[in-house]
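Peer 1: As a plain string of letters, each chain reads:
Protein chains: 2
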Amino acid sequence: MGNKHIPDIIIGRLPQYLRSLQRMGREGRQVTSSQELGERLGISAAQIRKDLSQFGEFGKQGSGYQIDYLVEQLQNILHVNKEWDVAVVGAGDIGSAVARYKGFINRGFRVAMIFDSDPRKIGTKIGDYTVLDSQMMKEIIQEAGIKMAMIAVPAEKAQEVANLLVEAGVKAILNYAPISITVTPPARVQYIDPSIHLQRMAYYME
Amino acid sequence: MGNKHIPDIIIGRLPQYLRSLQRMGREGRQVTSSQELGERLGISAAQIRKDLSQFGEFGKQGSGYQIDYLVEQLQNILHVNKEWDVAVVGAGDIGSAVARYKGFINRGFRVAMIFDSDPRKIGTKIGDYTVLDSQMMKEIIQEAGIKMAMIAVPAEKAQEVANLLVEAGVKAILNYAPISITVTPPARVQYIDPSIHLQRMAYYME
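As given, the protein sequences belong to chains A and B, one line each in that order.
Here the working numbering is used: the first residue of the first sequence is 104, the next is one more, and so on.
Here the working numbering is used: the first residue of the second sequence is 104, the next is one more, and so on.
By construction, these hints were calculated from the structure, which means they are not laboratory data.
Hints are not guaranteed to be accurate.
For identical chains, the list gives no copy identity; a pair is met inside one copy or between any two copies.
Capping the alpha-carbon separation at 25 Å, the derived lysine to any residue pairs in SDA-like fashion look like this [stated by the list, open to error]:
{"#": "1", "residue 1": "163", "residue 2": "228"}
{"#": "2", "residue 1": "260", "residue 2": "296"}
{"#": "3", "residue 1": "107", "residue 2": "134"}
{"#": "4", "residue 1": "228", "residue 2": "142"}
{"#": "5", "residue 1": "228", "residue 2": "114"}
{"#": "6", "residue 1": "260", "residue 2": "129"}
{"#": "7", "residue 1": "185", "residue 2": "142"}
{"#": "8", "residue 1": "260", "residue 2": "182"}
{"#": "9", "residue 1": "260", "residue 2": "184"}
{"#": "10", "residue 1": "163", "residue 2": "286"}
{"#": "11", "residue 1": "153", "residue 2": "260"}
{"#": "12", "residue 1": "185", "residue 2": "230"}
{"#": "13", "residue 1": "224", "residue 2": "306"}
{"#": "14", "residue 1": "205", "residue 2": "296"}
{"#": "15", "residue 1": "224", "residue 2": "115"}
{"#": "16", "residue 1": "228", "residue 2": "143"}
{"#": "17", "residue 1": "107", "residue 2": "222"}
{"#": "18", "residue 1": "107", "residue 2": "306"}
{"#": "19", "residue 1": "274", "residue 2": "257"}
{"#": "20", "residue 1": "185", "residue 2": "308"}
{"#": "21", "residue 1": "228", "residue 2": "113"}
{"#": "22", "residue 1": "224", "residue 2": "166"}
{"#": "23", "residue 1": "241", "residue 2": "222"}
{"#": "24", "residue 1": "274", "residue 2": "166"}
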């Protein structure tokens, strides 16, 4: 791999491959093919082979991929062979659901803490977490060395929260607020906005 | 527009343009440029101009885009100049948060009903909604003519729920369960999986 530059669009597909392979593994499967993976994901087999070939040789012509091995390799490539601590900012409906979400298990992430600015929420419990005061956010995140965060605050507050997180050393932000935000590289931002997905599908409706 | 085929990757960017333009409108702005829009979204101005030119002439060289007009045109193109009723399946943390989510307002969607299979949840209230029995789902959705749905059930149940929804006439599914599902065209599926986004960013972490 080394310093080879790989387009982000390819990186974006690797987590999908990993998710499907992990599921096959849980189904007790040992070997798969780019064809099968492609059918599960709606991506062509050729695309999958081309994407994976960027990172090395993971399968043998005609004998397919060893699922366990490819899972391990993809986890290494994506740096999720460890668990990243993630901070959640905003303890409303979305933030609370995300903090309790079981879907991060075995994916490389663990919600470590949750913040809110509302005095009525600070100190209350959400699952196993005690809601922390977002005024203390920068210090606490810096101290804990947290590099990833999810923002689940109202749209008007999202940029301000993102700025604070980046100042605290956060490098990756998943933004649930329905607004575009900017962060200074090398920090990155990705979005969860259900309306964007629904609109993309509404285009095809009659 | 007519029957011209436009790549889905372009369709996928239109909701982002619309969201930014609507926000500018709320900020009291009247005119914008592809440059400004591009900076807000991290997309090149040339790309934005090229994408929009697929659908007609929306701005004049040098004088930019009328925000209100472009919002209206994009809403027409995406078929969100109306409100689509959306069914939510699964009244757990995620489903409940989605049902109460304020972010669908002015985006073209309205949560119309929520289903669950758990007898302890059926009949209880989530915000303004009474949780309906998912055994009745197919009939109720068919009767109501609902075409869009969000799935927030455990991964093992997602495909089965999707099949039922498609049989009931649903054409667009937003799947929150962390698993790939398949639907028979013309039905479509999109995904919300925070781990996928976090993994994509983890790749760039040291």
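Peer 1: Which hints, by number, does the structure contradict?
Peer 2: The structure conflicts with hints 1, 3, 4, 5, 7, 8, 9, 10, 11, 13, 15, 16, 17, 21, 22, 24, although it agrees with all the remaining ones.
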